[in-house]
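Enquirer: One line per chain: the protein sequences are F and W, in this order. Numbering-wise (the numbering used here), the first sequence opens with residue 1 and increments by one. Numbering-wise (the numbering used here), the second sequence opens with residue 1 and increments by one.
The hints are simulated quantities; they were obtained by calculation from the structure and are not laboratory data. Please note that a few of the clues may not be correct.
As the list claims (entries may be wrong) - With a straight-line Cα cutoff of 30 Å, these simulated DSS-like cross-link-like pairs (lysine-lysine) come out:
id	chain 1	residue 1	chain 2	residue 2
1	W	Lys122	W	Lys63
2	W	Lys87	W	Lys122
3	F	Lys122	W	Lys20
4	F	Lys20	W	Lys122
5	F	Lys215	W	Lys215
6	F	Lys215	W	Lys126
7	W	Lys126	W	Lys63
8	F	Lys122	F	Lys87
9	F	Lys122	F	Lys63
10	F	Lys122	W	Lys215
11	F	Lys215	W	Lys122
12	W	Lys20	W	Lys122
13	W	Lys20	W	Lys63
14	F	Lys122	F	Lys20
On a predicted model such as this, the values are computed, not experimentally measured, just so you know.
Protein chains: 2
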Amino acid sequence: MRDFSQDHRWLSINTATVRKSRGQEVPLPEILDACARRGIRAVSPWRDQVAATGLAEVSRQVKAHGLALSGYCRGGMFTATDDGGLKAADDDNRRALDEARELDATCLVLVVGALPGALAGKAAHKNIALSRQQVHDGIGRLLEHSRAAGMPLAIEPLHPMYAADRACINTMEHALDVCDALDPLPRSGADPEGPPQAAALGVAVDVYHVWWDPKLREQIERAGRERLLAFHVCDWLTPTRDLLNDRGMMGDGVIDIPRIRGWVEEQGFEGYSEVEIFSAQDWWQREMGEVLDTCIARHRSSV
Amino acid sequence: MRDFSQDHRWLSINTATVRKSRGQEVPLPEILDACARRGIRAVSPWRDQVAATGLAEVSRQVKAHGLALSGYCRGGMFTATDDGGLKAADDDNRRALDEARELDATCLVLVVGALPGALAGKAAHKNIALSRQQVHDGIGRLLEHSRAAGMPLAIEPLHPMYAADRACINTMEHALDVCDALDPLPRSGADPEGPPQAAALGVAVDVYHVWWDPKLREQIERAGRERLLAFHVCDWLTPTRDLLNDRGMMGDGVIDIPRIRGWVEEQGFEGYSEVEIFSAQDWWQREMGEVLDTCIARHRSSV
Chain F
1 MRDFSQDHRW
11 LSINTATVRK
21 SRGQEVPLPE
31 ILDACARRGI
41 RAVSPWRDQV
51 AATGLAEVSR
61 QVKAHGLALS
71 GYCRGGMFTA
81 TDDGGLKAAD
91 DDNRRALDEA
101 RELDATCLVL
111 VVGALPGALA
121 GKAAHKNIAL
131 SRQQVHDGIG
141 RLLEHSRAAG
151 MPLAIEPLHP
161 MYAADRACIN
171 TMEHALDVCD
181 ALDPLPRSGA
191 DPEGPPQAAA
201 LGVAVDVYHV
211 WWDPKLREQI
221 ERAGRERLLA
231 FHVCDWLTPT
241 RDLLNDRGMM
251 GDGVIDIPRI
261 RGWVEEQGFE
271 GYSEVEIFSA
281 QDWWQREMGE
291 VLDTCIARHR
301 SSV
Chain W
1 MRDFSQDHRW
11 LSINTATVRK
21 SRGQEVPLPE
31 ILDACARRGI
41 RAVSPWRDQV
51 AATGLAEVSR
61 QVKAHGLALS
71 GYCRGGMFTA
81 TDDGGLKAAD
91 DDNRRALDEA
101 RELDATCLVL
111 VVGALPGALA
121 GKAAHKNIAL
131 SRQQVHDGIG
141 RLLEHSRAAG
151 MPLAIEPLHP
161 MYAADRACIN
171 TMEHALDVCD
181 ALDPLPRSGA
191 DPEGPPQAAA
201 LGVAVDVYHV
211 WWDPKLREQI
221 ERAGRERLLA
231 FHVCDWLTPT
241 RDLLNDRGMM
251 GDGVIDIPRI
261 RGWVEEQGFE
271 GYSEVEIFSA
281 QDWWQREMGE
291 VLDTCIARHR
301 SSV
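All chains, please: the whole structure from these sequences, using the hints.
Expert: Put into structure tokens, the structure is as follows:
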């Protein structure tokens, strides 16, 4: 397991973590500058933040700073009530894929969607099995473009509390079932001593979403290096006061993050540890510099 | 599948649903009277409500009304930081078992506990595997008394959002793994045409906690009639504004309750459908009679 205590070379900042500073939106260029000034080598930006600045300008700045992208947030939201909706999702996902490629991201992260309309408070139906089928089919269609573009797709299983409105893939096991069905890896014939085969489809492991799962270690082992495309960290607070925007800084909650990172690294994962914290009442109310400095300190002490 | 549309003979009221009326605590005798007046045949009371009135008085009233108990809430909370804590939990659970027997409950429902201290906001450690081992061992010890008393234990897998502070058994699969380890059923030698064997240890299926699980149907089939000891209903609201006390009335959320009830009844479950709603801002603010009448109506239309 890599030693993170001496530096922060493997730290990545998901830009949602500092989306706001003292409650005010921060433009993406200011976030990128602030990260680069601190020797942070990687980020994972959100599409809306990129769009607000302009893709070309963000791409230029990322290259100028020499920043890597540990992921691009996000594609997905594959579910809909009619063919037009499914088609619109397909089109939008291909644009996300193109943006990820332009920014040379490690992967496009997928938040797959759930019951159509639920995020707006009014689910169009209650058939989660139908949503899961639409997600499966949508990933399958996007995968053709992903392979052509050489841009892997990372399914992010979200915590089951988001099953209604954000993502109906809620466990590593389910995510890997989809991976294996759509992107089988010909492991049996491969040279076991050779390099791992590249997977076009894998998973983003966010400790916030999966820490509770009694099958987590087993499923991380099942994923293997080929399918472990991203590793996200924050912490689970007790009490958690909001289902979406009350995530904790690493070390402030109950997740044994080093243990989970150990399992991921046992599989050969050598990527960045990406901090993704949504925190309306706490961290988004603080000054961006304090938040980034705390991320660096906690990356060393608590990840 | 039973037809619930014509009457409410299979309705049970978990007394937490009407714990408050217009925001004021309601004594258990008033709840029992109000249920009996409406022809509700079963309830599931909470220990603190029973204690406030006195076990003997509650027992007398339950018998006078001819009320069945679809369960008794609750035992569990098996985790602790030292032997004294584990022993105290054992003692308390045996008392709960005795109370359940005095009230002739169908089962003692177990909310198994999680990281010690987390419910008070300060977890003593982050080792959820240790908590799970303590739960396993604690259920094993209680099971001896359960068998002697003829009072089955129903593990209630809670939603994963409660894994830190309330219950570290969060899926049907995990609950049934514990059941099979501690209370193996000698199915292989049993007469397949004979009556189902009684299990000392089973599960309480609450749709709120398990509706999202892609393996739900498979695990309900695995549980079989022997292990399906209780069936709880309410609904998942979008948005959900609070992790604990924002549960919805059946029909107001996104859970396909009849589908899940169908799966449970396919296994031969013939028990009550128990309404358990924690709703600080909505149903606990209404008048108890209105809430009970709504439970009856929704039991007919949406369960």
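Enquirer: Next, verify each hint and record whether it holds.
Expert: Hint check results:
For the given pair, lysine 122 (chain W) sits about 42 Å from lysine 63 (chain W) by alpha-carbon distance, which is inconsistent with the 30 Å threshold. For the proposed pair lysine 87 (chain W) and lysine 122 (chain W), the alpha carbon gap of about 21 Å is at most 30 Å, so the pair holds. Restraint check for lysine 122 (chain F) and lysine 20 (chain W): satisfied, since their Cα atoms lie roughly 28 Å apart, inside the 30 Å limit. Taken as a hint, the lysine 20 (chain F) and lysine 122 (chain W) pair is honoured in the structure, with Cα atoms around 28 Å apart against an allowance of 30 Å.
Restraint check: the Cα-Cα separation between lysine 215 (chain F) and lysine 215 (chain W) comes to about 13 Å, which is no more than 30 Å; the hinted pair holds. Between lysine 215 (chain F) and lysine 126 (chain W) the alpha-carbon distance is near 17 Å, which keeps this suggested pair within the 30 Å criterion. Distance check on the hinted pair: lysine 126 (chain W) and lysine 63 (chain W) sit about 45 Å apart at the alpha-carbon level, beyond 30 Å; violated. Taking the CA atoms of lysine 122 (chain F) and lysine 87 (chain F), the gap is about 21 Å. The hint holds against a cut of 30 Å.
Taking the CA atoms of lysine 122 (chain F) and lysine 63 (chain F), the gap is about 42 Å. The hint is violated against a cut of 30 Å. Restraint check: the Cα-Cα separation between lysine 122 (chain F) and lysine 215 (chain W) comes to about 25 Å, which is no more than 30 Å; the hinted pair holds. Among the hinted pairs, lysine 215 (chain F) with lysine 122 (chain W) is consistent with the structure: their alpha-carbon atoms are about 25 Å apart, no more than 30 Å. With a C-alpha separation of about 28 Å, the suggested pair lysine 20 (chain W) and lysine 122 (chain W) falls inside the 30 Å cut-off, and the hint holds.
Restraint check for lysine 20 (chain W) and lysine 63 (chain W): the C-alpha separation of about 24 Å stays at or below 30 Å, so the hint holds. Only pairs whose Cα atoms come within 30 Å are accepted, and lysine 122 (chain F) paired with lysine 20 (chain F) is accepted, the gap being roughly 28 Å.
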